[in-house]
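S.K.: Chains as they are written, first to last, in the working numbering: chain A, 47 to 359; chain B, 443 to 737.
Hints are computed from structural coordinates only; laboratory data are not their basis.
Don't be surprised by glycine CBs; every beta carbon is placed ideally from N, CA and C.
Where hints are given, some of them may not hold.
So these bits of chain B aren't anywhere near chain A, every CB distance computed over 12 Å [claimed, not checked]:
#	residue
1	472
2	630
3	639
Computed footprint of chain B on chain A, listed as stretches where at least three residues anywhere in the stretch have a Cβ under 8 Å from a Cβ of chain B [as the list claims (entries may be wrong)]:
#	segment
4	300-308
5	344-350
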Amino acid sequence: MFDYLVRRLASLAPTLVLVSMLIFGLQQLLPGDPAKILAGEDQDPQVVEYLRKKLHLDEPLPVRYAYWMGGVLKGDLGESSRNQEPVLHLIAQKLPVTVQLAVMAMTIALLIGIPAGIVSAVGRGGFWDYLANVFALWGLSTPNFWLGILLIMLFSVQLGWLPASGYVSPFEDLGANLKSMIMPAFVLGNAIAAVLMRHTRSAMLQVLSADYVRTARAKGLNERTVVVKHALRNALTPIITLGALELGTLLSGAVLTEQVFTIPGFGKLIVDSVFNRDYLVVQGVVLVTATAYMTLNLLADLAYFLVNPRLRH
Amino acid sequence: MSAVLETPLIAAKAPRESGPWRRAWLRLRRRHAALAGLAVVLLFIVLALFAPWIAPHDPIAASWAAIRKAPSAQYWLGTDEIGRDVLSRVIWGTRASLLAGVVSVSISLLIGVPLGMAAGFLGGAVDAVISRITDAFLACPFLILAIALAAFLGPSLTNAMIAIGVSAAPIFVRLARGQVLSVKVEDYVEAARAVGNSPLRIALRHILPNITAPLIVQATLAIAAAVIAEASLSFLGLGQQPPAPSWGSMLNTAKNYIDNSPWMAISPGIAIFLLVLSFNLLGDGLRDALDPRQR
C-alpha cells in the first residue's frame with residue numbers, strides 16, 4: 047500500500063510541473079504587452095511598471111517561469127488587478143461554497159445513479175431498464191445551465207418554493223442555505239447521475255453473470271442479498287474509478303451552475319475574473335482546479351485500492 | 443458450352459462480398475434510435491445550410507413594436523427583449539452550434555491523431571513526452587481549460603472553437619495511442635514491415651485504416667460534447683458575440699426574463715438538447731455497429 051502510494055505520488059509530480067507550465071503558458075497567448083493587459087482596464091502606468099517588475103517581463107521565458115513557480119510554491123499566486131487582493135486569498139474565500147455545492151451534487155448523483163444502474167441491470171430489457179436508459183440519455187444531453195433555468199421557472203417563479211438565486215452561509219441559517227443550494231446541486235448532480243447509472247449498469251451486468259453470483263443464488267440466498275452483498279460490492283471498484291473521472295465534470299459544471307444561480311463560488315470567480323480581465327486570478331483558479339482534480343483522482347485511486355482486496359495483497 | 447454460359451450467371455447471383463463498412467451500415471440500420479439520431483442531425487444540417495430561406499424573419503432585426511411578444515401566428519416561438527424573432531434566431535443559431543461541433547472536433551482530430559499515433563508507434567522517449575503532456579492537459583477539467591483558453595485568446599466563436607478543439611485533443615491522443623499499441627502487434631503489420639514498407643507507410647496505410655472505427659465513434663460523441671461546450675462558452679459570453687445568434691447566448695439573455703418571458707428560454711434549450719441527444723444516439727449506435735467489442 048505504502049509503495050503504491052509513493053509510486054503514485056511520484057508520477058503526480060512531473061504532471062503537476064507540466065500543468066504549471068501549461069497554465070503559465072496561457073499568459074503568452076495574450077496579444078501585446080502582458081503587463082498592460084494584466085493591469086486591467088485602467089492601465090495605470092504605476093501598476094504596469096509594478097507588474098513588469100513583479101512578473102520579470104524583461105527576463106527570458108524560462109527565467110520568468112522559474113520566478114512564477116517559485117512564487118506558487120510559496121503560496122503566492124499574484125494579486126488581483128481588480129481589488130489588489132492576493133489571488134490565493136480570493137480562492138480560499140470562494141472555495142468552501144463550491145466544495146459544499148460539489149459534495150451535495152455528488153451525493154445526489156450517487157443516490158440517483160447507483161440505484162438506477164442496479165435496477166436497470168437487474169431488470170435488463172424490461173421497463174425499468176428502458177426508463178433508466180432514457181434518464182441517462184436525458185442527463186447526458188441536457189446542458190446544465192438550461193436545466194437550471196427550467197427549474198427556476200418551475201420552483202421559483204411558478205411555485206415560489208425555492209429562491210431563484212443568491213447564497214446564504216450555512217453558519218448563518220442552515221435551512222436557508224439548503225434551500226438555496228438544493229436546486230444548483232440537483233442541476234450539477236443530474237449529468238453525473240446519468241454517467242454513474244451507465245457505469246453501474248455495465249459493471250453490474252458483468253458481475254451478475256459471474257460464477258460466484260450463480261453460486262450465491264444456488265446456495266438459496268435471497269435475490270436482495272445476492273445483488274447487494276455479492277454483486278454490488280464487486281461492481282463498486284470500476285464504478286469508483288470511472289466515477290472519479292466525473293470529478294472534472296463536477297468542477298466544470300460548477301462554473302455554469304454558479305453563474306445561473308448567482309452563487310459566489312469558485313466558478314463565479316473564474317467567470318468574473320475573465321470579464322474583468324483579471325488574468326492572474328484566472329491562472330490561479332485553473333492551477334488550483336487542476337491540482338484539486340489530480341488530488342481527488344489520487345484519492346479515488348486509493349479508494350479503488352482499498353476496496354479491492356486482490357490489489358491490496 | 444452450356445456450362446460455360448452458366449458460370450457467369452451463377453457468379454452474378456452470388457451475394458456480393460460485403461466489406462466492414464457495409465456490414466457496419468447494415469448493423470447501424472437495425473438500430474432505430476441511432477437512425478432517429480442521424481435523421482435529426484441531418485435535419486439540423488438542412489436548417490443550417492438553408493437558414494436564409496427557412497427562417498421567417500431577419501434574426502438580427504430588432505423591432506421595438508414587438509418586444510417580448512408571446513408565441514403567436516406571426517412569431518411562432520415569440521420574440522426576445524429587443525423584438526427579434528426567436529424562431530429565426532434558433533434556426534440561424536444552428537450554424538454556430540454545428541460549426542463549433544464539427545470544427546472543434548476536426549481540430550482535436552488533427553492534433554490528437556498524429557500525436558497519439560506517433561506516441562503509440564514510435565514508443566520510447568517520444569511516447570513518454572507526448573503522454574506526460576497529454577496527462578497535463580487531462581489534469582485540467584475540459585470546460586475550465588476551454589474557458590481559460592477562450593479568455594486569454596479573446597471572446598469570439600473562432601477562438602471558442604480553437605479553445606474547445608485544443609481542450610478536447612488529449613482524449614484523441616490517448617485513444618489513438620491505445621489503438622495503435624493494440625494494432626501494431628498484429629500479424630498484418632508485421633507482414634507489412636517484413637516486405638520492406640517504410641514506418642510512415644505502415645502507419646498511414648496499415649495502422650490508420652484499422653483504428654478509424656473507434657476514432658469515428660469518439661468523434662461523434664465529441665461533437666455532442668463540443669456543441670454543449672460552445673453553448674456553455676456562448677452562455678458565459680465567451681463564444682459567438684451579439685448580435686449574431688447562438689443558442690448559448692440566447693439562453694444567457696433569456697435567464698434575465700424568466701418570470702415574464704419564459705418562451706425565450708424554452709426553444710434554444712430544446713434545440714441544444716435535441717442536437718446533443720441526436721449525436722449521442724448516433725454515437726452509441728455507431729459504437730455498436732463499428733466497434734462491437736466496446737459494447
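S.K.: Against this structure, judge whether each hint is valid.
M.R.: To see whether the hints hold, each was checked on the structure:
Against chain A, the non-interface label of residue 472 of chain B holds: every CB pair exceeds 12 Å, the least being about 16 Å. No beta-carbon of chain A is positioned within 12 Å of the beta-carbon of residue 630 of chain B; the least distance is around 31 Å. With a least CB separation of 35 Å from chain A, residue 639 of chain B remains clear of the 12 Å interface cut-off, as annotated. Counting residues of the segment 300-308 of chain A whose C-beta sits closer than 8 Å to any C-beta of chain B gives 4, which meets the bar of three, so the coverage hint holds.
Check on the segment 344-350 of chain A: 0 of its residues sit with their Cβ under 8 Å from a Cβ of chain B, so the three-residue criterion for coverage is violated.
Checked against the numbered hints above, the structure breaks only hint 5 and satisfies the rest.
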